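> Please take these sequences and the hints and turn them into a complete structure.
Chains as they are written, first to last, in my numbering: chain C, 8 to 526; chain S, 2 to 411; chain H, 23 to 561.
Certain hints may be false.
Claimed, not checked - Which chain S residues face chain C? A few, computed with CB under 10 Å, are given here:
#1 S84
#2 D85
#3 F89
#4 R92
#5 S147
Don't read these hints as lab results, they were simulated from the structure.
Note that this is a predicted model, so its numbers are computed, not measured.
The beta-carbon is built from N, C-alpha and C at its ideal position, and this holds for glycine as well.
So the chains spell out like this:
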Amino acid sequence: MTSFDTIIIGAGHNGLVAASTLAAQGRRVVVVEAAAKPGGAAATVEFAPGYRTSGLAHIVNRLAPEVISSLKLDKTRFEGASAPTVVLDRNRGPVVLRGGYGEVVEGVGADEAKAFADMRRKLLRQADILKRFLARRPPRPGDVGFSDMANLGMAGLSLLRGGRDEARDFARMLLMNVSDIVDEYLSDDRLKGLVSFDATLGIQLGPRSPTSLLGLFYRLTGEAAGLAGGQYLPKGGMGTVADALVGAAQKAGVTLRLSSPVKRILTDRGKVSGVELEGGETLEAAVVASAVHPALTLRGLVSPGEVDTELSRALKHMRSNGNVAKLHLALDRVPEFAGVSREDLKGRLVIARSVRHVEEAFNPAKYGEFSPDPVMEITLPSLSDPSLAPSGGCTLSALAQYAPYDLKGGWESGRPQFLEAILDAIETYAPGLRASITASELLVPPDIEARYRMPAGHWHHGELQADQMLLNRPAFAVSGYDTPIEGLYLCSAGSHPGGGISGLPGLNCARHIIARNRS
Amino acid sequence: MKVEKFNDPLARRSHQLHFETLRLDTPFQPRLAELSQTNDWYSWAGYKAPHSLYDEELEYFAIRSTAAVFDISPMTKYRIAGSDAEAFLNRLMIRDVRKLGVGRVHYTAWCDDHGHVLDDGTLFHLGPSEYRLCCQERHLPWLLDSADGFSVEIREETTDIAGLALQGPTSYAVLRNAGFAGVEQLKPFQIAHFPLQGGTVTISRTGFTGDLGYELFVPRALALDLWDRLFTAGAAHGIRAIGYSALNRARIEAGFIVANADFITSETALRGNRLRTPDEIGLEWMVDMEKPNFNGRHAIQIARTKGKLRHVLVGLEIEGNVPPELSLVYHRKKKEAGIVTAAIWSPLAKRNIAIASLERPYGSRISDDLWVEIYALRELQYQKMMKRAKIVPRPFIALPRRTATPPALF
Amino acid sequence: MKTYDAIIIGGGHNGLVTGCYLQRAGLDVAIVEKNAWVGGAATSRELTPGILYSNCSYVCSLFRPEIMRDLELPKHGLQIIGYEGGAVFTRDGDYLASYRDHDSHRREFARFSARDAESYERYARDVTKQCRFIQPLLMRTAPDPFSFRPRDISELMFLARKFGDFSAAEMAATLRFWTMSISDFLDEYFETDVIKAYLALSGIIGTALGPMSPGTAYVLLHHYMGEVDGSVGAWGYARGGMGAVTQALASSFMASGGTIRTGAEVEQVIVKNGRATGVALSDGEEIHGRMVVSNADVKRTFLKLVEEKELPEPFLHRVKHFKMRGSSGKVNIALDSLPEFPALPAGSPCIRGDMHFTDSVERMERAYDDWKGGRWSADPFLDMMIPTTIDPTMAPPGQHFMSCFVQYCPPKVDGRDWTDADRDAFAETVINQIAGYSPGFRDRIIHMEVRTPREIEAEVGLTEGNIFQGELTFDQLLFNRPVPGYAQYRSPVAGLYVCGSSTHPGGGVMGAPGYNAAREILVDLKRPRQHMSHAHDVL
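Listed below in structure tokens is the structure:
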């Protein structure tokens, strides 16, 4: 039996951030990880001999500055130019967005560029208000402290700073669908398609679903390369971020236990006492923070009698089915996308022709069918970091949706069909690409579930929709990182503010643990 | 965990015509119908049930002086079985189910996550890993959701099992005469099984009257056999069938509470301030903080330590002879302190008794100078009275024969 | 020439309600209606000999009892009869019925799932809690959170107190409820497709959303917050069709001295020096008034009836982007005999209620997908009823009037205008849906009136045929309805008010927008309002 102050379950980015933050306070922290490698969804994998890529997340666009500074990560590793976004189009050629979410837009007329700039300004302003709520515990009625009031007050002030009409527009837009907003501002289908895609990527909504604008706000609350809405492909793949977090953890004195899956969390009468590993070993600690999915934590690792029925029911009904597939291709040469410069290929390529395209890709997903004409974002990571592919070769990494977890007929037969659909789509923009494929790997949500122990393969650990946000994430009773079980905390993407490689759930949770134990 | 579903369209269709019968008959309805002179029926959970059969008052006296039979078939009954049955029930109930031996019954209650009482009822430990839960409200979804992760089967058996309460001083004599030898050995809250017409009747020494009494459960098909056997055997012992009004008097005397009469169950309450923790309806003695976690434990603990208990349920003795049903309770005749949920003139205690829900500190810190405002309607005119109320312990009556084992033969 | 105190454009139910209250406050009011009759979307018309049709609206629940009482509508002939049940026919030849009797209702659900039958209790409790929260807001003007005027602040405080009655967990649940789809909401309670389909229908009726769209749980509330004589959530028939509601209003209005001008189509609101001074009719006649109140939807009012130059650009921009996409059609059918539904056993009361043919949420959502794609639903959702089974006054003995509300039906077909051929094909889709469950149905039809959004707009004037005068999404509710900053029945033009369903609390034959508008007008005129009842208590 070994004893620690704190046990963190899962060495994904949130687990590592929480561990480092707690260890920096002098706590003895151990991170137990089921896999043989740390990093979770932020790791780099070799999927074919000599071909490496980010295993799941492949673009850095929201690693929180609070995390970088609080963990004293080497800032220079997270700086640099923001990568462009290229919206592919066969007929009219691509639209290219540069800077933080299209500070400059190329490939459209001056009027449309201005319209986009107007919309962008408005959205960024509104996202900036929402951003205040990310790096802190969500405000909870009945439990609102001074700092919550102060923050709400500040949000209110910044809301009014732009004038009454801007404030009114914020209240109007907050829960709108993205389609009506792009229709209000834009006329170019390529831009409308892109914005629709970005709002719904990783979310089980179509652009015409009310509240889908929130997905875009969430995206725009992220910053990278020093820019709101910025993005870049990390050298060495997302594993670079994982490595940096592991490094910080080790420096802080965190013990990392790999290949140590947790069998159960030990609790008695509402109090946590440690964890039991699959191997039978018991680790003791008065504080356990789980960076795995909240439902897995409270309905899987904690014995069923320890979690009350309504909470258990709420977590059971938390919508958390993944709908994005991850494609890895090993190419024997660098592909050519019509009209896209070699330099822009280092950015993010998006296939989303119009709002309608995204919406119609979404339709079948409601009924457990994959999109026959999928939408996707493509990166070629080896162009930014040649070490990721053998010389002359190229690595392609893509996120394609919609790929519902519960596919009618099952993914065994569905996977090759969906792969064909994706490749058909890419081929139309990059003729000849198919012929250059030497190896491919398509991870559909059940594969992601199996590989990353992410239930139902959802990278947000639960749908990031209005009813599962803030004080309702993952469920009201456990939305403040703590649980009814004393000493047990939640710090995964399933907690506020949600998924993406931000590290904020881990940071917020760790800070909450520290505050709780101080008082 | 098992859920009954009727996915077979044929089976589903065979039940279509239920709309023609709004109120169902219990298995005993043929006998009740024969005996009913008042034709005074009400709906109990969708079943036709008697308010009275011939004379409310005399029916009450059957409970207290001879033997009264009350049809409890409409009571909701669940069969809970499986290897995790005990663990499952223990996470559900505020009492420690591990302490309930096979062949025993206990009165218990269960709460939601917020520690608000969902219902109270009796739990029968019928055999190893086999239980029956009897209660007022329906709880299938709650039971099934609570059973997530437990190896347990939950089946509602309300319609399959017929039940009778046989209560009163001569109830033992009736049973003995009916051939249930050995029933005298049953202690309060004990269960025994007896053969009946090739089937089994389960008899427990339980009841809702505070008197000597038993509850009998049989498969539906044996219901009338059981009834006839009891009435044949009981003819010499003054056996009478009774309706709910008589039973209600007896239960108030015994100080028992009724869900959705003396408190509102948490799944039916629309208004947040109507919810009650066990401590607020006199069930604090059941809450076992030492046993493993149960639904509501965390919330009850917080409510207790942070002083969030807002109400208290008390027994009242009220001067005068007008029962203050649903009257307001006042402190110093001025400040509203609560409401009377049940009240009668007790023929046994010869006084006005009541159960009341008070808002703390009334009933806890402040227990004197309480008054009940009574509006007595007499010939189209209200006579308004302010009567002094005194908090007294429940039960209002204590009958040695309730617990005497073996019971006396009257 | 006469100058009225107020001219009301459009004799729909809200225009009539506003008219009644203003007239009773001592104003001299004229209601100007383009049709030869009043009633708007709640009109009963004899379109084939002896048979009355409820033109658009066909059932009643939302109409506020406070208004019925204030305006003495029963005296003017209004009578509402609750209906007896309802059914969803399933494709396997069975049906799910809904019964008034609580135990029957449970037993019926239990035919499909014992668990669902009991879950319904918790579901009903939770929905009722939400209703209890929203009901007191209906007869109040939505406060503007950004005005900082004392009245708005005190209204906001009222709302905060209302919300403050909830426990923290209930507040969280309310936030979820308001942002959820009805499908997700129902998934938390039920496991049976047909039960979910039956309950989901209230989440989509009249909206341009599918049951899987977030926000449809709120729409459900919009259909549950009404009542029939205190029975909250109940629906009923108006004796004589829904026209009985507006006829009673018109009669009440005229009895108090109001003027109704039918066959008078308003072409323009006359604005002089930034102030509305009357209306110009299409025949050139001008009617003068000290104020103008528009019962027309906000788009028709400000984009067609008011000159662009009179309106500030941002307001105009918002009105242009106010969403009122039509999503429903209506088929009114006269029948020579009562249709048979072999699935229903003899004596079933379901025939005297609302009947449906969509037995899964997926079918409902797929019907919506067709609409999104610009077509009417191939497998449409129908809310069908035969009012004459309860109200024999609407047809000769033995004959029947059948009302079929149909969803989804787009304002344009594949982006182009409707043609008569489209309309007939649409009707054929509807008839086929019914005939699939009612053999010989087609042969019973004596006469039929088909309304696509084109017909609805042409007769009733609802832009794009949207029956709620604007979609019920968050961005168009409360202080956002119809336009943020102009959600209190006033407009940028002095003396020009709006009183239709485009305003809070929205659509349905509720009368609350008309009531609220009348109150705001009387506040501006500093007139007494004793004749306006306060909202009933929600205990």
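> Output the numbers, in ascending order, of every earlier hint that fails for this structure.
The structure breaks only hint 1.
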